[in-house]
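Enquirer: Generate coordinates for the entire structure from the input sequences, incorporating the hints supplied.
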Amino acid sequence: MSTLSESTLIDAEGYYGTFGGAFVPEMLYANIVELQACYLSIMAEPSFEAELEILLRDFVGRPTPLFEAKRLSARHGYQVLLKREDLCHTGAHKVNNTVGQILLAKRLGKRKIVAETGAGQHGVATATVCALMGMDCIVYMGEVDMARQQPNVDRMRMMGAKVVPATSGSKTLKDATNEAMRHWINHPADTHYIIGSAVGPHPYPDMVARFQSIISSECQRQLIAQFGLEHPDAVLACVGGGSNAAGAFYHYLSDERVMLFGAEAAGLGVETGHTAATLNLGTNGVLHGAMSKIIQTADGQVIEPYSISAGLDYPGIGPMHAYLHEIERVVYIPVTDQQALDAGFELSRLEGIIPALETAHALALLPTLDLPHGSTIIVCLSGRGDKDLMTYTKYLDQYTQSAN
Amino acid sequence: MTATNRINIRINQRGQNPLLSVFFTAGFPALGDTLPIAEALAAAGVDMLEIGMPYSDPIADGPVIQHSSEVALRNGMTMELLFAQLADLRPKINIPVLLMGYYNPVFQYGLERFVRQCQAVGIDGLIIPDLPPQVYERHFANLFEEAGLANIFLICPQTSDERIRYIDSLSRGFIYAVSSASITGGSGPITDTQTAYFERLNGFKLRSPHVIGFGISDATFFQQATKYAAGAIVGTAFINLLNSHPQHYQDHIGSFVQSLKEQAIPN
Chain A
1 MSTLSESTLI DAEGYYGTFG GAFVPEMLYA NIVELQACYL SIMAEPSFEA ELEILLRDFV
61 GRPTPLFEAK RLSARHGYQV LLKREDLCHT GAHKVNNTVG QILLAKRLGK RKIVAETGAG
121 QHGVATATVC ALMGMDCIVY MGEVDMARQQ PNVDRMRMMG AKVVPATSGS KTLKDATNEA
181 MRHWINHPAD THYIIGSAVG PHPYPDMVAR FQSIISSECQ RQLIAQFGLE HPDAVLACVG
241 GGSNAAGAFY HYLSDERVML FGAEAAGLGV ETGHTAATLN LGTNGVLHGA MSKIIQTADG
301 QVIEPYSISA GLDYPGIGPM HAYLHEIERV VYIPVTDQQA LDAGFELSRL EGIIPALETA
361 HALALLPTLD LPHGSTIIVC LSGRGDKDLM TYTKYLDQYT QSAN
Chain B
1 MTATNRINIR INQRGQNPLL SVFFTAGFPA LGDTLPIAEA LAAAGVDMLE IGMPYSDPIA
61 DGPVIQHSSE VALRNGMTME LLFAQLADLR PKINIPVLLM GYYNPVFQYG LERFVRQCQA
121 VGIDGLIIPD LPPQVYERHF ANLFEEAGLA NIFLICPQTS DERIRYIDSL SRGFIYAVSS
181 ASITGGSGPI TDTQTAYFER LNGFKLRSPH VIGFGISDAT FFQQATKYAA GAIVGTAFIN
241 LLNSHPQHYQ DHIGSFVQSL KEQAIPN
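Protein chains in written order, with the numbering used here: chain A, 1 to 404; chain B, 1 to 267.
Any given hint might turn out to be false.
Said to hold, decoys possible - Examples of chain A residues toward chain B, derived with CB under 8 Å: (1) Arg-182; (2) Asn-186; (3) Asp-190; (4) Gly-285; (5) Gln-296; (6) Val-302.
Said to hold, decoys possible - Here are some chain B residues the structure puts well away from chain A; computed CB gaps all over 10 Å: (7) Arg-14; (8) Leu-31; (9) Ala-87; (10) Leu-89; (11) Pro-91; (12) Gln-117; (13) Gln-119; (14) Asn-142; (15) Phe-144; (16) Phe-204; (17) Arg-207; (18) Pro-209; (19) Ser-217; (20) His-245; (21) Tyr-249.
Simulated from the structure, these hints should not be mistaken for laboratory data.
A virtual CB, placed ideally from N, CA and C, is assigned to each residue, including glycine.
Expert: Okay, structure coming up:
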C-alpha cells in the first residue's frame with residue numbers, strides 16, 4: 001500500500017499511475033484544455049467557494065446527516081454509520097457535482113449544458129441545476145433506460161430539460177455517454193458537458209472527485225463532533241463509474257488507519273457473462289477519453305455490462321479507482337443482484353430507509369467483511385430507492401414471506 | 001519517413017488535380033467486401049483509400065458510419081481478420097491505403113504487432129482521432145517512423161495556431177483538416193466561417209499538405225473544399241451509397257467517383 005494525498009494522487013497530465021489522461025479527438029481538445037487549465041483556480045476562487053457553499057447548504061440541504069443505524073449495527077456486530085446522501089435534494093449524491101459544475105460552466109461563459117444519464121439520477125440532478133441557473137439543458141439517455149426509468153424522464157422534462165434518446169449500440173448509459181460527447185463535439189463553443197461520474201478525460205475524474213469529496217470532509221467533522229472519533233475503521237461505497245465512492249474515500253485515502261471497500265455490481269455473478277464487475281474482469285483500455293479498466297473483448301470491443309442497478313451497469317470505471325485497485329489501497333468486491341436485494345430489504349426493514357439499488361450493493365458488503373466486533377464502519381448511502389420501487393416490488397412477496 | 005511512401009508520392013504527383021480520398025468501413029456491407037470495394041474504388045480512379053477499423057464506441061462518428069461499424073462487427077470483423085483480408089492488398093492496388101479507427105482496438109492488438117502487420121500488408125498511414133499528439137510523440141513516433149508509416153493528425157477550426165504548428169512538426173503524409181466543429185456526416189453548403197478557416201490554414205505555409213474531411217457530402221462541397229486543400233475525403237456519402245446498393249454497389253462506384261472528379265476544378 002502506498003501513502004497517498006490529494007497532491008500525489010494525480011499528475012499534471014491527469015494520470016493516476018498509468019490510468020487517466022485525455023484521449024479525445026482534436027475537436028474536443030480546446031474545450032478539454034480550457035477546463036484543465038482553469039478548473040482548480042476557479043474552484044479555489046473565494047467567490048466560487050462562497051456561492052457553492054450557499055447552494056450546497058440551502059439548495060442541496062448539506063451537510064447530510066451521519067446517522068448511527070443501531071438495529072443494522074446490532075445485526076452485523078459493527079457500529080454502522082450511514083452517510084445520508086439520499087437526503088440530498090433530488091435524492092442522491094449526484095447533485096453535489098452538478099451544482100459545482102454548473103457554477104464552473106457559468107464562469108467559463110457557457111450558456112448550455114449537455115449531460116448523459118443512465119438511471120436518470122444524474123440527468124435529474126443536471127436538469128435541476130440548469131433550471132436553477134436558467135441554462136438550456138440537453139440530457140442524452142439510452143432508449144432502453146428511458147423506458148425503464150420513465151418517472152425520471154418526466155422529472156427532467158418538468159424542469160425544462162430536453163431528453164434525447166440514445167438509439168445507438170445497446171441504447172443504455174455507455175451509448176448515452178457517446179451521444180453526449182458527440183453533441184459536445186458539434187457544439188463546443190457555447191456548451192459545457194457535465195459528466196456525472198468520476199470518468200471521462202482529464203480533468204473530469206479529478207474535478208468530479210473534488211466536488212464529491214465534501215462527503216468525506218463532512219464525515220471527518222461529524223465523526224469527531226458526534227462520536228468523538230478521529231477516524232472510522234472502514235468506509236464502504238458502491239462503484240459504477242465511481243463518483244460517490246471517490247467522494248466518500250477522498251479525505252481518507254492518505255489515512256492508512258481507514259480500510260476502504262468498493263462494491264462492484266457482479267450482476268448474476270462475475271463468471272456468468274451478465275455482470276458489471278469492471279475491476280474484477282476488466283483489462284486496460286481507453287473508453288470515453290480515459291485509460292482505465294474496461295470490460296471488453298480481446299479485440300478491444302466494449303462489452304455491454306449487466307446489473308440489476310441501472311446506475312452501475314457501466315463497462316468502465318473511473319481511472320482513480322483503477323489506480324487505487326492496482327496499488328491495493330481500496331479493495332473492490334463484487335456483489336450480486338441477489339446480495340444487493342437482500343441488503344436493500346434488510347435496510348428497509350431494520351432502519352426505515354429504502355436505499356437505491358446502487359447503494360444496496362455497498363450495504364451488501366457488511367455481512368462479507370471480517371472486521372473486529374464493534375468496528376466503526378461508514379457506509380455511503382448514496383441514494384434513495386424510490387426510483388427502484390418497480391424492481392423491488394417484483395421481489396416483495398419473496399421477502400415478505402421470508403420475514404414471516 | 002522515406003520519400004517513397006505512397007502518400008507523399010501521390011500528393012506530389014497530383015499536378016493540378018485535387019486528391020480524392022474515400023473512406024469505407026472494413027467488413028461492410030458484407031464481411032468479405034473490404035477488398036472488393038477497395039479494388040473497385042481504385043479502378044474508378046480514387047487517389048487514396050481510408051479503411052475504417054470498426055469500433056463499438058465511435059464517438060467522433062455520426063449515425064451513418066456508426067451503423068456501418070455496428071454491422072461490420074456483427075458480421076464478425078476483427079483486427080486479425082482485417083489484416084488477413086489485406087494480405088492481398090498489394091500489388092492489386094497501387095494507391096495509398098490508410099487505416100482509420102479508434103485507439104482502443106489498436107491498443108488491445110498491441111502497438112508493435114499492429115505496426116508490423118501494417119508494414120507487412122502495405123498500409124501507408126494511420127488515422128487514430130483519439131490518440132493525442134503528445135501521447136503519439138512520446139510513445140509511438142519512433143515506432144511509426146521506423147516502419148515508414150505516416151500518422152495523420154486531425155486539426156479543426158478550434159485548433160490554435162501554436163498547436164497547428166506543433167501538429168505540423170509531427171505530421172507525415174498530410175494533415176487531416178476537419179471541415180467544421182462536427183462529427184462525421186454533416187452536410188454542406190460551405191459556410192463563410194469554413195472558408196475563413198480554410199484560408200487561415202493556407203496562410204500557415206505548413207510543411208505537410210492538408211486534406212479536408214468531415215461533411216464532404218457531394219460534388220459541390222468537394223469542389224469548393226479542394227480549392228483550399230490538396231484534396232478532400234468522402235466518407236459518409238460513400239457509406240450511404242453502399243447502404244442504397246448493398247448487393248450491387250459495384251455497378252455504382254464508377255459513376256459515384258466520376259461525379260465527384262468531373263466537377264472538381266483543377267487548382
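Enquirer: Compare the structure with each hint and give your call.
Expert: Each hint tested on the structure:
1. Arg-182: holds (5 Å)
2. Asn-186: holds (5 Å)
3. Asp-190: violated (11 Å)
4. Gly-285: holds (5 Å)
5. Gln-296: holds (7 Å)
6. Val-302: holds (5 Å)
7. Arg-14: holds (25 Å)
8. Leu-31: holds (14 Å)
9. Ala-87: holds (18 Å)
10. Leu-89: Its Cβ never comes within 10 Å of chain A, the nearest being 20 Å, so this holds.
11. Pro-91: holds (28 Å)
12. Gln-117: Its Cβ never comes within 10 Å of chain A, the nearest being 14 Å, so this holds.
13. Gln-119: Fine: 20 Å to the nearest Cβ keeps B/Gln-119 off the interface.
14. Asn-142: B/Asn-142 is indeed farther than 10 Å from all Cβ atoms of chain A, at 20 Å.
15. Phe-144: holds (17 Å)
16. Phe-204: holds (16 Å)
17. Arg-207: Holds, because the least Cβ-Cβ distance between B/Arg-207 and chain A comes to about 18 Å, which exceeds 10 Å.
18. Pro-209: At roughly 18 Å from the nearest Cβ of chain A, B/Pro-209 sits farther out than 10 Å, so the non-interface label holds.
19. Ser-217: Nearest chain A Cβ is 16 Å from B/Ser-217, so the label holds.
20. His-245: Holds, since 24 Å exceeds 10 Å.
21. Tyr-249: The claim holds: B/Tyr-249 sits with its nearest Cβ about 24 Å from chain A, beyond 10 Å.
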